[in-house]
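A.B. asks: Sequence:
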Amino acid sequence: MTADQKKRLKKGLVQPILNWYRKNKRDLPWRSTRDPYKIWISEIMLQQTQVEQVIPYYSRFLNKFPSINTLARSDIDDVLKVWAGMGYYRRARYLHEAAIIMAERHDSKIPSNYELLAALPGFGPYTCGSVLSIAYNLPYPAIDGNVTRLISRLFKIESDITRTAAKRTIENIVDNLIPMNKASEFSQALMEMGATVCKSKKPKCQSCCCRKICRAYNEMSNPEILPIKTKKKRNVHFHIAAGIVRNGNTVLISKRPENVILGGLWEFPGGKKEKKESLGAACVRELESKTGISAKIVRPLMSIKHHYSHYSITIHFFCCSYSSGRVDTSISKWVKIDDLDKYAFSKVHQQIALKIRDGGC
DNA sequence: AAATCGGGGAT
DNA sequence: ATCCCAGATTT
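Residue numbering for the first sequence follows my numbering, beginning at -5 and increasing consecutively.
Fair warning: there could be bad hints in the mix.
Said to hold, decoys possible - With a Cα cut of at most 30 Å, we get these calculated DSBU-like pairs of lysine-lysine:
no.	residue 1	residue 2
1	LYS226	LYS161
2	LYS299	LYS226
3	LYS32	LYS17
4	LYS161	LYS266
5	LYS226	LYS196
6	LYS270	LYS5
7	LYS227	LYS150
8	LYS150	LYS32
9	LYS227	LYS19
10	LYS249	LYS176
11	LYS327	LYS223
12	LYS198	LYS176
13	LYS225	LYS150
14	LYS161	LYS4
By construction, these hints were calculated from the structure, which means they are not laboratory data.
Put together the whole structure using the sequences plus the hints.
C.D. replies: In structure tokens form, the structure reads like this:
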């Protein structure tokens, strides 16, 4: 990029975007603070998660863990409890681990240096760039899905944006656009443009402040086809059988191991049905292997279909009665029905917990 | 480069 | 149904 091109882009693109942002930015909770800790929490929560979904979790999290030190000293189970229902639970684990490292090695502060930041768990290219620019006003690009879409259209990038070369191209463009001493505003402005104007479907090109210089708008019949992205392969489907084992006013729950889907969360124990196996048999078998007890099926309670990113499941829940055996207390435990709300469950199991409290099973 | 990792909203 | 969302890590 020549100095002359840069100058032209500054006038025709950077300044209009900054002006547009000042007038049109949404009033979001993390925009009323300059506390790097709070900005960090918001950035992690917003990964692959919509703004509306994050807002209630954000305030609850900061209320419970108001500082790096409170987070670092907390138990991971308490962090997961606050996170429960938001998905991508490894984010909570990385937050906790990073807070511990910051407390131990960085004077309980978030580093303002790229290399130190990138060495922390959960700090990839985007999060490093967003924290450095938004919290510290340093000139690093924060390139998320919104920015990728916006830039690919403004500059008509028709190569596959999942590939490294295209990512590098976009990063170079943004890097060259960052205005002096306005990195914080600029990062947020680019993302806000992508989120509210240059949307994936039905972009608001007519009211876009970059309309005059947008190559996709001016040169293509349909700017919506950008960015180009390779398609993900289709989903697989599984059947899961899970048991709700009541014993008096208690119920049996198990903790999922780390490093698996929904890792570290509690659940009503169960697992995949095998071929040529009935759901009831699968339930009894899984209860035995996961908790150590033998149980009998009383009746089916309900089945829930659920979609994850790369596969979908149907979980068949059965009301069961305890027969014999002792629970393997390293993984499973009997808990009072009234105490179910003290444990971190995924959305599906939260539904079941509610049903049990309301007298189901 | 591709797979893994949740849940919800828009179309 | 399919894609997308303020992505990072592992394979």
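A.B. asks: Can you confirm whether the C-alpha distance between LYS161 and LYS4 stays at or below 30 Å?
C.D. replies: 21 Å, holds
A.B. asks: Within a Cα-Cα threshold of 30 Å, do LYS226 and LYS161 meet the stated pairing?
C.D. replies: With Cα atoms ~18 Å apart, LYS226 and LYS161 stay inside 30 Å; holds.
A.B. asks: For the pair supplied as a hint, LYS327 and LYS223, confirm whether the alpha-carbon distance does not exceed 30 Å.
C.D. replies: Violated, at roughly 46 Å.
A.B. asks: LYS227 and LYS19 were given as a pair; does the straight-line alpha-carbon distance stay at or below 30 Å?
C.D. replies: Judged against 30 Å, a Cα distance of about 36 Å means the pair is violated.
A.B. asks: When you check the alpha-carbon spacing of LYS270 and LYS5, does it fall within 30 Å?
C.D. replies: 68 Å, violated
A.B. asks: Measure nothing beyond the straight line between the CA atoms of LYS299 and LYS226; if it is 30 Å or shorter, mark the hint as holding.
C.D. replies: Roughly 21 Å separates the two Cα atoms, so the pair holds.
A.B. asks: Hint check: LYS225 vs LYS150, CA-CA at most 30 Å. Holds or violated?
C.D. replies: 20 Å, holds
A.B. asks: Given the hinted pair LYS161 and LYS266, is their alpha-carbon gap at most 30 Å?
C.D. replies: 38 Å, violated
A.B. asks: Please verify whether LYS198 and LYS176 have alpha carbons no more than 30 Å apart.
C.D. replies: Satisfied, since the Cα-Cα distance of roughly 25 Å is no more than 30 Å.
A.B. asks: With a cut-off of 30 Å on the C-alpha distance, tell me whether LYS150 and LYS32 pass.
C.D. replies: It is violated: about 35 Å lies between the C-alpha atoms, which goes past 30 Å.
A.B. asks: For a C-alpha distance cap of 30 Å, please report whether LYS32 and LYS17 respect it.
C.D. replies: 24 Å, holds
A.B. asks: Given the proposed pairing of LYS227 with LYS150, does the C-alpha separation stay at or below 30 Å?
C.D. replies: Roughly 26 Å between the alpha carbons, so the hint for LYS227 and LYS150 holds.
Hint compliance for this structure: hints 4, 6, 8, 9, 10 and 11 are broken, all remaining hints hold.
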